[in-house]
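Enquirer: Could you use the hints to bring the two separately framed chains together as a complex?
As given, the protein sequences belong to chains B and H, one line each in that order.
Going by the working numbering, the first residue of the first sequence is number 1, and it counts up by one from there.
Going by the working numbering, the first residue of the second sequence is number 1, and it counts up by one from there.
Treat the hints as calculated values from the structure; they're not laboratory data.
Treat the hints with care, since some could be wrong.
[Unchecked claim] Result set (DSS-like, lysine-lysine): computed pairs, CA atoms no more than 25 Å apart in a straight line:
1) H:K5 <-> B:K55
2) H:K75 <-> B:K164
3) H:K75 <-> B:K166
4) B:K257 <-> H:K131
5) B:K118 <-> B:K3
6) H:K30 <-> H:K8
7) B:K55 <-> H:K75
8) B:K347 <-> B:K307
Here the structure is a predicted model, which is why all the values come from computation and not from measurement.
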Amino acid sequence: MKKLLVDQILNVNPSFANWIDPCIMSNSISIHRNLSGHNFVHRSSIDDNREVCSKIMGILQSNSFFDDYMFEYLSEINPYLINVLYEEKLFHFYSSDYVNNLKILKNSGTVVIINQTKDILIEINNIDHLTVTAFSNKNNLSELYHTAIDVVNNITTNYAYNDKNKFLTSNVDLHGIGMSYSGLLHLPGIAIHSAFQDVNSKLQSFNYNIAGFFGYKSDFINDFYTFNSIASYLYKNADSFLSIFEEATYIIMELEKYYRENIEDYVKKDLIYKAYGLSKYGYNTSFFDACSSLSCLKWGIDEDIIKNVSKENLAKSFVNCFPAHVQFISSCDLDEIDKYRASLIRKGMKK
Amino acid sequence: MKCPKCNKNNIYYVFTDSTQSPPFIVTSCKECFQIHFGNVIPIGFLRSEPVFECSIPLKIDPTELKDISQLICDKCGTSLVDIKLNSLMGCERCYEVFSGVIAFVKNNLDATLDSKNDVQEYTNDDNIKIKKETLSNDLKIAIANERYEQAAKIRDELQKLEAES
Chain B
1 MKKLLVDQIL NVNPSFANWI DPCIMSNSIS IHRNLSGHNF VHRSSIDDNR EVCSKIMGIL
61 QSNSFFDDYM FEYLSEINPY LINVLYEEKL FHFYSSDYVN NLKILKNSGT VVIINQTKDI
121 LIEINNIDHL TVTAFSNKNN LSELYHTAID VVNNITTNYA YNDKNKFLTS NVDLHGIGMS
181 YSGLLHLPGI AIHSAFQDVN SKLQSFNYNI AGFFGYKSDF INDFYTFNSI ASYLYKNADS
241 FLSIFEEATY IIMELEKYYR ENIEDYVKKD LIYKAYGLSK YGYNTSFFDA CSSLSCLKWG
301 IDEDIIKNVS KENLAKSFVN CFPAHVQFIS SCDLDEIDKY RASLIRKGMK K
Chain H
1 MKCPKCNKNN IYYVFTDSTQ SPPFIVTSCK ECFQIHFGNV IPIGFLRSEP VFECSIPLKI
61 DPTELKDISQ LICDKCGTSL VDIKLNSLMG CERCYEVFSG VIAFVKNNLD ATLDSKNDVQ
121 EYTNDDNIKI KKETLSNDLK IAIANERYEQ AAKIRDELQK LEAES
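So that you can see chain H by itself, here it is in the shape it has in the complex (with noise of 0.2 Å):
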């Protein structure tokens, strides 16, 4: 796997760039990373389950990366990780290699599209779902104005839900 900023070495980091925001993963090889990030200390990824942090740059043998090799984009260097952090694509190209991707982005709204309506239909569960989630911002609001009748409304209600569910 060559590295997307000079393609001629292998890579030799992976790693979070969190001096960007929102902070994206990056993968460089040694030369590249001292003339680009030396001077930063990234929290590491290794791009297997599980994932973990480490506080200095990962050294892995790029070997490892065979296997997850084609979940990143060989021309803007977008890895699967970084769509799912963030849902950007990071090229064109991106489009084809992650065309997978797209389907498990899909997938992750909890959504169908309902091909008459052009409009996509939500289950109960969905329902039940988006219904706790406004509530719980609605709670959050009402305590956070001193509005504790209506506090109490809602929280009966959510209590109310989730036994439901």
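Chain B extracted, bound-state conformation (with noise of 0.2 Å):
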């Protein structure tokens, strides 16, 4: 394994950039394991932390499996870099607690380890003493568990486990098949129509165990909504709850089509144009003005209507625009963070 270079974490994740369906920003997988034997990270000392750590480092660099992978310690990073992390994280992660965490973590020997094109993302002691999460821009959620258990399987170790209660994990809601499940969607016809209480009750008539939608429990930034899972648990085995969840997001996909199709030709070039026009001439730009001008881009792009600046600049403007990232990428100050994010939109805005 190799060491994580810093332009490895600012490079864009190429299916992010290259999204398929209009919907779909990303998806995510996530298993969680412990290590038989040890307390889980949040009870045990330093010492023993390090110590899973070791272990797990050890197994990782012995696998030829994980040669290509890149790996930095949390205690080795700068401050502003693990900031920069959790926004690369906020487009698939489940909690706005993590930053806290970190600050504990930090001392934990917490390892982020990545793959060459950032859709493999392994974590040792991050609440759990190993979380491997696959990402990806399809819909297709088995292959996504295939690829995170393929990982899991090359990690060989004795694993918490009891025939009662199967993998047992930190977080109570997630023992049984320890996995969980989060989706990043860009639905703005949903939005403009204010539909997402007919979404939220559709969906619960189809008895769909779902959380984290518009806001409840949940990151949201305008347009885009975290989807997450809850109690997998409840799951007798990882195909029903695959199946769940694919088809509860295709149903979510299929109602931003009908919700976007009713929407006036005029009003969405106004927003698409207007949105168009503030990203590439701007001079002061917020975060929240350029989450819904890149979102009405983004939506541009799909319907066609945009034609001159490509998925590639639109995604790495999008990364870019969090606050860690404009700091890190600037190195300016806190007030000017506005103007800097407004020249980098700028500069993304072509093919």
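Expert: Shown next, in the form of structure tokens:
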């Protein structure tokens, strides 16, 4: 394994930059495991956590499967970069307490490991001893699960397991299959129609176990919504878990398609061209404005209205407009963030 | 009840370690307290109802802990209060010690598993509760974004729901 370089953290995930479906920005499946015989991270001493960390790192470094992976100890990353990493995870992650936790985790031998294409993330000692997350821009969760479980299977060790509760996790909601799902969806149609109540009730009538929708225990930014699983112990096996969330995402995508079709053409074009103007000629852009305009621009690219901005540049602008990214890239003061954000977005407005 | 840190002396202090995030409840003997927490002034918790707080470590007789000792994991010192606070188990053994608590957490989610579909089923009360929470969130967001027309609509819906329930 190699050391993770700053440039590699800042590179936009290729799958994120070439979205296939207009609604799905990113889907992720996380597999949570703990080592047998050790207390869980928040209940063990720093020495114990370091022992777990070196044990897992030893396994990873001795397996050629992980040769192309890059690692970094959290204690060796500067504070700015930790925030950058958090923002990268915001696109997939389920907890806003993450940054607070980092203060504790930093001394606990926490390691972040990513692969070359940034679609697999391995975390050691982050709430659970081992968390493997696979990302994709497709609504094919079975494929995603197989990618993640393949990584877990290559880390051969004894995991905390008993016949009654199956895989044992720190978070009591995740024991059993030890899995969680998180998706980032782009839903401007539903947002414009303020139709989240309808969507929520429709999904409830299908008996889906859904939380994290429309700000309910979740992070959300304008038209971008995180959509999370809770209580995976309710599911008998991985297949039933995956099929439920795959279908739930499919229903949301269909609803979004319906609502987008029901927007007047002039309203749509007005929003998209205004967003284009703001992005191309803005000199002082707040985070909220940036997300609104980039959302509309993405919609414009999906509808083939905006032709002179590439998907990759837009994805890069979307990632770079987050506060820690702006601060890290431009080394500016806090009160100058809006100015530099505008310049970063202006630079991205090209094919 | 032995101190989980040294496993020799009896527990003397039971308190919330507020230096940790999220804070969790710690049990400790006198010696271990001096070694590990000598410089902090924790907020004390007594592990029987009603729970109350104080600004200095709470000194309690170890015999008082006897009746609730079964609710403390003998391996990692995790208590029932810890699990109620943050839904986090401390070790593998916790799953045996708190096997009843897992059922409590499941009940706390107000959900039952539909064995046919492998999904949980919400009752009408749950639906109303979730709708109310979602609407209150929406209301806050609408007010924060100065969308007063939308906020008024949401407020009306909330009032309607409250009247129904």
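Enquirer: Next step is simple, just say for each hint if it's right about the structure.
Expert: How the hints compare with the structure:
Between H:K5 and B:K55, the direct Cα distance comes to roughly 23 Å. Compliance with the 25 Å bound is thereby established for this hinted pair. Among the hinted pairs, H:K75 with B:K164 is consistent with the structure: their alpha-carbon atoms are about 19 Å apart, no more than 25 Å. Of the supplied pair hints, the one linking H:K75 and B:K166 holds, its CA atoms being roughly 20 Å apart against a limit of 25 Å. Proximity of B:K257 to H:K131 is assessed by CA-CA distance (about 24 Å); at most 25 Å being required, the pair is judged to hold.
Our distance criterion of 25 Å between C-alpha atoms is met by B:K118 and B:K3, whose separation comes to about 14 Å. Under the criterion of a C-alpha separation no larger than 25 Å, the hint pairing H:K30 with H:K8 is consistent with the structure, at around 11 Å. Taken as a hint, the B:K55 and H:K75 pair is honoured in the structure, with Cα atoms around 21 Å apart against an allowance of 25 Å. Restraint check for B:K347 and B:K307: the C-alpha separation of about 16 Å stays at or below 25 Å, so the hint holds.
Checked against the numbered hints given earlier, this structure breaks none of them.
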